[in-house]
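Start from the sequences and build out the full structure, keeping to the hints where you can.
So the sequence lines, in the order shown, correspond to chains A and B.
No gaps in the numbering here: position 35 of the first sequence is 35 in the numbering used here, and each next residue is one more.
No gaps in the numbering here: position 258 of the second sequence is 258 in the numbering used here, and each next residue is one more.
It is possible that part of the hints are untrue.
[Unchecked claim] 30 angstroms max Cα-Cα, derived DSBU-like pairs, lysine-lysine:
#: 1; chain 1: B; residue 1: K143; chain 2: B; residue 2: K196
#: 2; chain 1: A; residue 1: K193; chain 2: B; residue 2: K196
#: 3; chain 1: A; residue 1: K193; chain 2: B; residue 2: K143
#: 4; chain 1: B; residue 1: K29; chain 2: A; residue 2: K193
Hints listed in this document are in silico derivations from the structure and should not be mistaken for laboratory results.
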Amino acid sequence: MESLELRRHVTIGQYVPTGSPLHRMDPRFKLVAFVALVVAVTFTGSYLGNVALLALMGGLILLSRVPARYVLGGLRPALPVLLLLAALQVLLYTPEFTGGEGCVTLFRAWFVHSTTCSVKLAIVSAARFVELLVLTSLLTLTTTTTGLAHGVEHLFAPLQRRFGFPAHELALTLTITLRFVPTFAEELERLIKAQVSRGADMGGASWWRALRRARALLPIMVPLLLGALRRAEMLVLAMEARGYVGGRGRTRLVELRSTPHDAVALLLALLAAAAILTVPWPW
Amino acid sequence: MDTRELVIEVRDLVYTHLRDTPFAVQALKGVDMEVWRGEAVAVLGPTGSGKSTLVQHLNGLLRPQHGRVRVLDYDLSDPNVDVRALRRRVGLVFQFPEAQLFERYVGDDVAFGPRQLGLSREEVRARVREAMEAVGLDFEGFKDRLTFTLSGGEQRRVALAGVLALRPEILILDEPLAGLDPAGRRRLIALLRRLKGERGLTLVLVSHDVDDVVLLADRCFVVADGRTVMAGTPRELFSHPPATLAEFGLRPPSIMTTMHALADRGIPVRRHCLTVDEAADELARALEGG
Ligand SMILES: Nc1ncnc2c1ncn2[C@@H]1O[C@H](COP(=O)(O)OP(=O)(O)OP(=O)(O)O)[C@@H](O)[C@H]1O
Ligand SMILES: [Mg+2]
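So, in structure tokens, the structure goes:
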């Protein structure tokens, strides 16, 4: 049975206060740790490396005290695309494409060519996707909007002083983008509800009726984009009405203060990332 | 025992919004309700009691997580039920018109439903004209207006027109009178009465305002904290003492409060008058008799 509650599966951009150590971590340190782990995910192409990363993600979810079911729920809407992608990779990526040495052909017929390399690529890509999703979700699930904005702004502050890089504006844009992901999902949910309540067809209960669904989505896309523009306009109005002038001369309600714990946490993250990157995983 | 047709039957309905997330809210904990064809039923209750959640089940926007919802011949607990067909026979006007409207132009928005029915251009146009005029919007004057530049009251009417254009058998309205001026309220009440009388529409309306309810409803359900706590005709409901009503966030109709005050001062009138007309008759009787 189809549920129209899309927001149940949008974890990126949500904030869930649980008071865990991850929540208490200084956002600047958290951001650096985040980047280090993203780099580790990006450059780990081995099975075992990804097993280690997945285990690490599991540990981080436990540490955040956000229900694992909720964090992983964010995978659900992406599942069909992931499966399709994996299938294409397995079936169509030839050894020239995957570029691995010692690929063993598993199956070959017509233009279909599966090798151990293409299977590996598909599995590793899927694992990476999960890891990145967990990382990004955890970042926003455990950090307030203002925390994120200040963190980004602090990290880019040296660039601003040296080259006039617009750190404040970048921080603002990034955080608004992230925070608007759930808002966008809400808007999508609203439009779907508004249209189906007047007899529109949403392609039935099953996701494999992809074509019908895609067609049903067309009349939703236009109002969705227009709605986003309207919302942006409202946001500008709201900010200007409160006298927003940008970064210059702004003071903060909460000053960021780091503790030795933050340094230790960051060090651990860097070590983990470095270890995963340098260990010569046998396969 | 009687020949009336039961068109809506809700039994022990339970619903949690955003289930399995940290934001879960149990909005319904056990709601019962039944509606017979051709009657007008009001759903009353304090803010946040679950009224909107309940009525969203009635046209299949939400599916029961526990309990039973049957509307016309459709059993909504059945995953294979044809909700699309149901939604064409049961129209739902949302609580917030800005949540319901999505097309750029008023005319297109009202035409969305009829177009889904696959009607011809002329027929769609005729239905849009009829629906807009029924809610007091001039067809030529409004069809090319931008939906989101309309005033709140105008948006509310467009939203209603968009649902009426489907010509539903059952019309569900979530707080239809909120935000309308007194003239707009009177017109809408008159329209709803006409729809019920002439077309035999079944009405379910959610409201906070007991004065409007007594003008429209044949029966009432009171929902508090996700459960049905009272049910009955307005007369039965409002014969409960004011203190009991206040427990569920209700008050007696204004005119009844006046009659209570008169009776308390020793004037020999019946307390339980629901409408101004009834109260006037009662006062006339008391004055003549006295
Ligand atoms: N889409 C939603 N997502 C999450 N929670 C919701 C949603 N809709 C309603 N709720 C919650 O469910 C509860 C019941 O809400 P509902 O809108 O049904 O109340 P209501 O009786 O219609 O109130 P009102 O009279 O203010 O319109 C509230 O606590 C509300 O916060
Ligand atoms: Mg409501």
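So if I understand the rule, the pair passes when the alpha-carbon distance is 30 angstroms or less; does K29(B) with K193(A) pass?
holds (23 angstroms)
Under the criterion that the straight-line Cα-Cα distance not exceed 30 angstroms, is the pair K193(A), K143(B) satisfied?
Holds, at about 23 angstroms.
Please work out if K193(A) and K196(B) have their alpha carbons no farther apart than 30 angstroms.
holds (26 angstroms)
30 angstroms limit on alpha-carbon distance, applied to hinted pair K143(B) and K196(B):
holds (26 angstroms)
The structure is consistent with each of the numbered hints, conforming to all of them.
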